[in-house]
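What follows is each chain in one-letter form.
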Amino acid sequence: GEDVEQSLFLSVREGDSSVINCTYTDSSSTYLYWYKQEPGAGLQLLTYIFSNMDMKQDQRLTVLLNKKDKHLSLRIADTQTGDSAIYFCAEGGSGNTPLVFGKGTRLSVIA
Amino acid sequence: SAVISQKPSRDICQRGTSLTIQCQVDSQVTMMFWYRQQPGQSLTLIATANQGSEATYESGFVIDKFPISRPNLTFSTLTVSNMSPEDSSIYLCSVVVGGHEQYFGPGTRLTVT
Chain A
387 GEDVEQSLFL SVREGDSSVI NCTYTDSSST YLYWYKQEPG AGLQLLTYIF
437 SNMDMKQDQR LTVLLNKKDK HLSLRIADTQ TGDSAIYFCA EGGSGNTPLV
487 FGKGTRLSVI A
Chain B
43 SAVISQKPSR DICQRGTSLT IQCQVDSQVT MMFWYRQQPG QSLTLIATAN
93 QGSEATYESG FVIDKFPISR PNLTFSTLTV SNMSPEDSSI YLCSVVVGGH
143 EQYFGPGTRL TVT
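Protein chains in written order, with the numbering used here: chain A, 387 to 497; chain B, 43 to 155.
The set of hints was computed from the structure by calculation and includes no laboratory data.
The reader is advised that the hints may include incorrect statements.
Below 30 Å or equal to it, Euclidean Cα-Cα: the simulated BS3-like pairs (lysine-lysine) are [said to hold, decoys possible]:
hint, chain 1, residue 1, chain 2, residue 2
1, B, Lys49, A, Lys489
2, A, Lys442, A, Lys456
3, B, Lys49, A, Lys456
4, A, Lys454, B, Lys107
5, A, Lys453, A, Lys489
Stretch-level coverage of chain B by chain A, calculated; a stretch enters the list once three of its residues show a Cβ under 8 Å from a Cβ in chain A [stated by the list, open to error]:
hint, region
6, 82-91
7, 139-149
Model, not experiment: these values are computed from the prediction.
Here a beta-carbon is modelled for each residue, glycine too, at the ideal position from N, C-alpha and C.
Make the full structure from the sequences, and use the hints.
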């Protein structure tokens, strides 16, 4: 079945880069997503990548996709205290299909 | 993108009662999804709701416990019936926009005592 794995915790110093990793099993996934959840809040769509791409950059965010190894990463440059949150990786097919989520990585940014 | 609102934002309910959660979207969407996020956990899909047809439930979720309505293309409700403390969770609705962008509502935080 489908499975998405993430490490549970990451701690970085303010100003450093953060790299959150994710592996998935469904090779037919068309899109891969990163969501951010701040304490007490819902899920915010941060970015996503189409499966035929290997990189996508959006301001401080860089997504890398290794389709052969089914590995996805999210790099946050110049990490700020406001980036402290839980980051969820998710995979999905095309069109109106629900997503399969990882357990989330809790990012703590130390000032 | 899509702007999604949910009501109530949170509630504390007694065991054995029912709560209906509303989800409103600012644009017409074909499908809505209802997810549950138990404390400290990831999201689990409860059901997929199409307008004009019965919802499709995932394994472990049944219509009698989680009835869903989808009366039009911008609105859906999820009822949590005969609640027990194990139903304490965040319940989130989501929609797909533009074919692949999935947006979530702010969630309804339910505590069952």
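A quick look at each hint next to the structure:
1. Between B:Lys49 and A:Lys489 the CA atoms are separated by roughly 26 Å; this keeps the pair inside 30 Å, and the hint holds.
2. For the hint linking A:Lys442 to A:Lys456, the alpha-carbon distance of about 16 Å falls within 30 Å, and the restraint holds.
3. A hinted pair counts as satisfied when its Cα atoms are at most 30 Å apart, and B:Lys49 with A:Lys456 does not qualify at roughly 38 Å.
4. Distance restraint check for A:Lys454 and B:Lys107: the Cα-Cα separation of roughly 41 Å exceeds the 30 Å cut-off, and the hinted pair is therefore not satisfied.
5. Restraint check: the Cα-Cα separation between A:Lys453 and A:Lys489 comes to about 20 Å, which is no more than 30 Å; the hinted pair holds.
6. Here the region 82-91 of chain B counts 5 residues with a CB under 8 Å from a CB of chain A, which clears the bar of 3, and the coverage holds.
7. A stretch counts as covered by a chain when three or more of its residues have a beta carbon under 8 Å from one of that chain; for the region 139-149 of chain B and chain A the count is 9, and the coverage holds.
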